[in-house]
Amino acid sequence: MEINVEFGGGAELLFDNKKVHDVLLPHKEKEWILGDLLVWLKDNLLKERPELFLQDESVRPGILVLDTVNYVIKPNDRIIFISTLHGG
Amino acid sequence: MPLCSAKCGKKAILKRPKTGDAMCKECFFEAFENEVHFTITRAKLFKPNATVAIAASGGKDSTVLAYVMKLLNKKYNYKLKLLLLSIDEGITGYRDDSLDTVKQNRDDYEMPLKVMSYKDLYGWTMDEIVAEIGRKNNCTFCGVFRRQALDRGANLLKVDYLATGHNADDIAETVLMNILRGDLARLNRCTSIITDSGDGIPRVKPLKYAYEKEIVMYAYFRKLVYFSTECVFAPNAYRGHARVLLKDLEKIDPSVIMNIIQSGESIKVNETANMPSLTNCMRCGYVSSQDICKACVLLEGLNKGLPRLGIGKSSKVKRILNENKLKNNSCNINASTCCRTSTGDVEDIEDKKCLCGGSQTIKSLPVDKIMSDKLTI
Numbered sequence: 001m002e003i004n005v006e007f008g009g010g011a012e013l014l015f016d017n018k019k020v021h022d023v024l025l026p027h028k029e030k031e032w033i034l035g036d037l038l039v040w041l042k043d044n045l046l047k048e049r050p051e052l053f054l055q056d057e058s059v060r061p062g063i064l065v066l067d068t069v070n071y072v073i074k075p076n077d078r079i080i081f082i083s084t085l086h087g088g
Numbered sequence: 001m002p003l004c005s006a007k008c009g010k011k012a013i014l015k016r017p018k019t020g021d022a023m024c025k026e027c028f029f030e031a032f033e034n035e036v037h038f039t040i041t042r043a044k045l046f047k048p049n050a051t052v053a054i055a056a057s058g059g060k061d062s063t064v065l066a067y068v069m070k071l072l073n074k075k076y077n078y079k080l081k082l083l084l085l086s087i088d089e090g091i092t093g094y095r096d097d098s099l100d101t102v103k104q105n106r107d108d109y110e111m112p113l114k115v116m117s118y119k120d121l122y123g124w125t126m127d128e129i130v131a132e133i134g135r136k137n138n139c140t141f142c143g144v145f146r147r148q149a150l151d152r153g154a155n156l157l158k159v160d161y162l163a164t165g166h167n168a169d170d171i172a173e174t175v176l177m178n179i180l181r182g183d184l185a186r187l188n189r190c191t192s193i194i195t196d197s198g199d200g201i202p203r204v205k206p207l208k209y210a211y212e213k214e215i216v217m218y219a220y221f222r223k224l225v226y227f228s229t230e231c232v233f234a235p236n237a238y239r240g241h242a243r244v245l246l247k248d249l250e251k252i253d254p255s256v257i258m259n260i261i262q263s264g265e266s267i268k269v270n271e272t273a274n275m276p277s278l279t280n281c282m283r284c285g286y287v288s289s290q291d292i293c294k295a296c297v298l299l300e301g302l303n304k305g306l307p308r309l310g311i312g313k314s315s316k317v318k319r320i321l322n323e324n325k326l327k328n329n330s331c332n333i334n335a336s337t338c339c340r341t342s343t344g345d346v347e348d349i350e351d352k353k354c355l356c357g358g359s360q361t362i363k364s365l366p367v368d369k370i371m372s373d374k375l376t377i
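Those sequence lines, one after another, are chains A and B.
Just so it is clear: in the first sequence, position 16 is 16 by UniProt numbering, and no numbers are missing.
Just so it is clear: in the second sequence, position 168 is 168 by UniProt numbering, and no numbers are missing.
In short, the hints are calculated from the structure, not lab data.
We put the beta carbon where it would ideally sit given N, CA and C, even for glycine.
Some hints here could point you the wrong way.
Label-pair ranges, simulated between beta-carbon atoms [stated by the list, open to error]:
#1 A:Arg78 - B:Ser263: 56 to 64 Å
#2 B:Glu265 - A:Ile33: 36 to 44 Å
#3 B:Tyr238 - A:Arg78: 35 to 43 Å
#4 A:Val20 - B:Ser277: 51 to 59 Å
#5 A:Asp16 - B:Asp97: 15 to 23 Å
#6 A:Asp16 - B:Thr19: 45 to 53 Å
#7 B:Lys318 - A:Asp36: 58 to 66 Å
#8 A:Arg78 - B:Gln262: 36 to 44 Å
#9 B:Lys136 - A:Lys28: 21 to 29 Å
#10 B:Ala50 - A:Glu48: 42 to 50 Å
#11 B:Lys119 - A:Val39: 44 to 52 Å
#12 A:Asp16 - B:Asp248: 22 to 30 Å
#13 B:Arg222 - A:Arg49: 39 to 47 Å
#14 A:Lys18 - B:Ala131: 50 to 58 Å
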């Protein structure tokens, strides 16, 4: 399943400093929920400092996801992660 | 996603972090802007025809503040003259880059920009200070110096107000920090939407009730350009702990942030608590709760090779300063040359063998001594 993942607000620094990624998710028995994607991103796309992205099976409280972790991902979805940073 | 909860008929594309409401982009913009407008009008923040300096760092908060202020000023005819004021702390790989973003804001929002630097004001960049003090207490220096630098800039520009991008999360963090530290004087004033720095230029916080997550979301959907690198020196700051606590609490219930601010606003500090009275610094004249202001104490520490001098309690500082004074009561170098070159840079006092240890001349420059043309970019 092909989807589009976007990082912003500083979160892209953890992902090779690239904002937009086209991602091909491998086929699996059950449907992909957002929570699965988070773990998949951590294992496959994340380049550095995983503790700044995930905390206990969900994104760290400073990162915005525009829905819940139980969202069922559909093909060609666009999923955006934006980091909030202190300061400024 | 369901339909927009504002009943505009459009499909919702986001969930408001503050309320959990599903909304479309346009209705979210309107709700966010209306709330800032409501904050401004309810607190009667600005008088018409006033000049407002927006403290601009190039980060998300000040970028959104500048954008929303420009928009509301036009939409509701506040009749304000807006300009940008930036501080260059001298942090390589952070502020040098973010100042480019501020210059972008200047062009995009058509506002004049003034930059003040720590190097010009204090003789030290943050890079040099961190090299001296290490990474543990550097945010104390930066915070004290920036606060004063902004006030000096506001004075120089002769503005009526200084607006900062402090958001609801910042204020809630500060309330928590002041409780954790038992700092009742600060707890008492940290939630004020308008504060007088003592020299007549009020500081105002139009984004006081705006959630950090909504500011980021607003900037994202409005496609505003902002600088998003964490300060290279920040991770060790004490505020980080309060921030983590707050973000964890917000996850359980977002209204925690508003509730903490409301608690801070409603707390009445016991009259028997020791509240400092404000006076003026004996060295630089800046408003201070002690004889010598924090910036001058920190500078004296830096210039004497005792960088930890201003860290901790003011009673400890007084004792050390007195001991130094007794030891060095015979400066035999002319005060105009003592510890300073003609360009005003503080030299290595060990080389000069100056006996006053620099206390004669080490102070932040009075506002009228600052070369204003030097500070323009």
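Verification of the hints:
1. A:Arg78 - B:Ser263: 56 to 64 Å: violated (39 Å)
2. B:Glu265 - A:Ile33: 36 to 44 Å: Holds, since Glu265 (chain B) and Ile33 (chain A) (Cβ atoms, about 40 Å apart) stay within the stated range.
3. B:Tyr238 - A:Arg78: 35 to 43 Å: The hint (35 to 43 Å, Cβ to Cβ) holds, given that Tyr238 (chain B) and Arg78 (chain A) are roughly 38 Å apart.
4. A:Val20 - B:Ser277: 51 to 59 Å: holds (56 Å)
5. A:Asp16 - B:Asp97: 15 to 23 Å: holds (19 Å)
6. A:Asp16 - B:Thr19: 45 to 53 Å: violated (35 Å)
7. B:Lys318 - A:Asp36: 58 to 66 Å: holds (60 Å)
8. A:Arg78 - B:Gln262: 36 to 44 Å: Holds - the Cβ-Cβ distance for Arg78 (chain A) and Gln262 (chain B), about 37 Å, lies within 36 to 44 Å.
9. B:Lys136 - A:Lys28: 21 to 29 Å: Violated - the Cβ-Cβ distance for Lys136 (chain B) and Lys28 (chain A), about 47 Å, lies outside 21 to 29 Å.
10. B:Ala50 - A:Glu48: 42 to 50 Å: holds (47 Å)
11. B:Lys119 - A:Val39: 44 to 52 Å: holds (47 Å)
12. A:Asp16 - B:Asp248: 22 to 30 Å: holds (28 Å)
13. B:Arg222 - A:Arg49: 39 to 47 Å: violated (29 Å)
14. A:Lys18 - B:Ala131: 50 to 58 Å: violated (33 Å)
In summary, the numbered hints that this structure violates are 1, 6, 9, 13 and 14.
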